[in-house]
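Novice: These are the residues of each chain, in order.
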Amino acid sequence: VSGKNDSTHGHMTMSGGCPPHEVLSLYAHGVLTENDTSFVEKHLEACSSCSEHVRQIRAVLRMTTRAEAKDPGASFNEALWRRIRAEKAKRRAKLALYPTLAAAAIALVFILPFSRNNGRVTDHELVEQLDLFQNIELMENLELVESIDFIMSEEGGEEES
Amino acid sequence: MNYDDADDHLLIGESKRGDDRAFDSFVTRHRRRILGIARSMVSDEEESYDLAQEVFMRAYRSVKKFRGDCSPVTWLTRIVVNTCVDWQRRQKVRRGVLVLLGKKEDRSRALEDTAVDVAWSADPARVLEGSKMRDITMKTLNDLPVKQRAAFVLRHFEGLNTKELAAALQCAEGTAKVHLHRATERLREVLAPFARDML
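Taken in sequence, the protein lines are chains A and B.
Throughout the first sequence, residue numbering follows our numbering, covering 1 to 161 in sequence.
Throughout the second sequence, residue numbering follows our numbering, covering 1001 to 1199 in sequence.
The shape of chain B in the complex, shown without the other chains:
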């Protein structure tokens, strides 16, 4: 069966029946978007690729449990958020272990972070140039709690409305708005000195 024109519900329905080609088409259709979200959530390119793969692995494992209460896109977005939450948890544990063991890699990362902070406070005009600015923006985004980051990314980058945002974050619409506001305020506080040049 050719799934090129099939809608997501059909693809997921066939995947539930064990048709891997249907799931493959579902992956093909959404891989770019999921990778985009993963890249916004995780600064490291390789890790974001792994995260996107993990999202589809989880989707594959749980497709039989999909009841159709929400759209397949919302279901997949929930998996992204949950995967990011778990990823952040693992990162915290990993960093804690590395700090305890005094691994070189962790010390290097700490030094990089310090370098960004110093550049930030010392000469904002200079760091506006080139990739440094992106680094700082990504670092600020990465430092947000994962739900706030997800709210910002899904609204700002993915264009989800409040209802969709709440469904993806698995919380009330009011809570989703609070996450979005806190993320925005944090970014504004940190990035406002640089934003002045863009006003």
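Next up, chain A with everything else stripped away, as it sits in the complex:
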């Protein structure tokens, strides 16, 4: 950073005077390189304006000090495993629907044309017999076909704790 003319915050450039505010805030956060840090420190000794700016930042940093989070304890893990198990159960339930869907699809493909030829049962009646479209939950899950690859890979190595 030292010596570059990169001010974007209305400050004078480092080569001609004060470092930009960006450098001062990074200095206050302690993320400047060693060279830049000593450059800024030398500058602060002589510049009351920049020293004031850095003091402000440090005061703000002290104000935003986080209260130390307490360890949530074993209940956190228990809640997590409950969620994980619930998610797995949901996926398995969805996965179990696929054979039913496949059977229904096969039935539609083979039985419907036959029924037309036969003439004894209308398409509408056959669908009712299959109960396919009466099962709203099943219909809602039709969209899950897209995620079958993901589910299969998940099922591959999972183990309950």
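One should not assume that every hint holds.
Stated by the list, open to error - Below, computed lysine to aspartate or glutamate pairings styled on DMTMM-like, alpha-carbon distance capped at 20 Å:
#1 B:Lys1065 <-> A:Glu87
#2 A:Lys70 <-> B:Glu1054
#3 A:Lys70 <-> B:Glu1158
Stated by the list, open to error - Label-pair ranges, simulated between beta-carbon atoms:
#4 B:Arg1017 <-> A:Glu41: 43 to 53 Å
#5 B:Ser1062 <-> A:Ile106: 28 to 38 Å
#6 B:Gly1174 <-> A:Ser51: 17 to 27 Å
#7 A:Asn35 <-> B:Pro1193: 29 to 39 Å
#8 B:Asn1161 <-> A:Ala103: 55 to 65 Å
#9 B:Gly1068 <-> A:Ile111: 47 to 57 Å
#10 B:Ser1071 <-> A:Asp71: 15 to 25 Å
#11 B:Lys1139 <-> A:Ser48: 30 to 40 Å
#12 A:Ile111 <-> B:Gly1018: 35 to 45 Å
#13 B:Arg1067 <-> A:Ser38: 35 to 45 Å
#14 A:Lys88 <-> B:Glu1047: 22 to 32 Å
#15 A:Gly30 <-> B:Gly1068: 22 to 32 Å
Rather than coming from a laboratory, the hints here were simulated on the basis of the structure.
Where is the CB? At the ideal position from N, CA and C, for every residue including glycine.
The hints should help you fit chain B onto chain A, whose structure is shown.
Specialist: Just chain B now, kept in the frame of chain A:
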């Protein structure tokens, strides 16, 4: 197998092989830190707890994809940042829907925000007292764009160096510094009147 003394790489390696006890030990080791970050990112305690849980849920789902390109801690911190980004997105949508529906809860929250703003501008000395000050600090922090907030929290609260910060934010080091600077400047602008008493 006892995982008490196992390092993070071993815990993640065993988790990849399907050992849930190893993952449980990984959670135990990092839950306090992750909850701390979540609390800094989300002001509501219940939501921050949910967010921390979501972080570990995502970690569990994706552990098999962890290639070891970075440390497990950096990987977990990335998940925190991504979860926070998604959380903020959901919040925006949720607030938009609530505003459209005119839900009471949303109006109450808007009123609370206004109350803080009024207190802030009217009598800074008074609001310095007690929890109001924390509320204002948290509100200012929460109003920052999520990447800026994450940069500030991870550097200031978690002590990540620039390289670690960039890895967690999944950006170049220069970009991470810009996020950090912008967050700091915004906080300084808003909190400087109160900070004078601490100089």
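Novice: Compare the structure with each hint and give your call.
Specialist: Here is how each hint holds up against the structure:
For a cut-off of 20 Å, the pair hint linking Lys1065 (chain B) to Glu87 (chain A) stands: about 19 Å separates their Cα positions. Distance check on the hinted pair: Lys70 (chain A) and Glu1054 (chain B) sit about 18 Å apart at the alpha-carbon level, within 20 Å; holds. Proximity of Lys70 (chain A) to Glu1158 (chain B) is assessed by CA-CA distance (about 15 Å); at most 20 Å being required, the pair is judged to hold. Arg1017 (chain B) and Glu41 (chain A) have their C-beta atoms about 51 Å apart, which keeps the hinted 43 to 53 Å range intact.
Remark: the range hint 28 to 38 Å for Ser1062 (chain B) to Ile106 (chain A) is upheld by a beta-carbon distance near 35 Å. Hint check: Gly1174 (chain B) to Ser51 (chain A), Cβ distance near 26 Å, so the stated range 17 to 27 Å holds. Separation of Asn35 (chain A) from Pro1193 (chain B) is about 34 Å and conforms to the stated range, judged on CB atoms against 29 to 39 Å. Range check, Asn1161 (chain B) to Ala103 (chain A): Cβ separation about 58 Å, and the 55 to 65 Å hint holds.
For Gly1068 (chain B) paired with Ile111 (chain A), a C-beta distance near 53 Å keeps the hint of 47 to 57 Å intact. Under the hint 15 to 25 Å, the C-beta atoms of Ser1071 (chain B) and Asp71 (chain A), about 22 Å apart, fit the expected range. Checked against the hint of 30 to 40 Å, the pair Lys1139 (chain B) and Ser48 (chain A) passes, with Cβ atoms roughly 32 Å apart. Remark: the range hint 35 to 45 Å for Ile111 (chain A) to Gly1018 (chain B) is upheld by a beta-carbon distance near 42 Å.
Take Arg1067 (chain B) and Ser38 (chain A): their Cβ atoms lie about 39 Å apart, and the range 35 to 45 Å holds. Roughly 24 Å separates the CB atoms of Lys88 (chain A) and Glu1047 (chain B), a value that falls within the hinted 22 to 32 Å. For Gly30 (chain A) paired with Gly1068 (chain B), a C-beta distance near 29 Å keeps the hint of 22 to 32 Å intact.
When each numbered hint is compared with the structure, no violation occurs for any of them.
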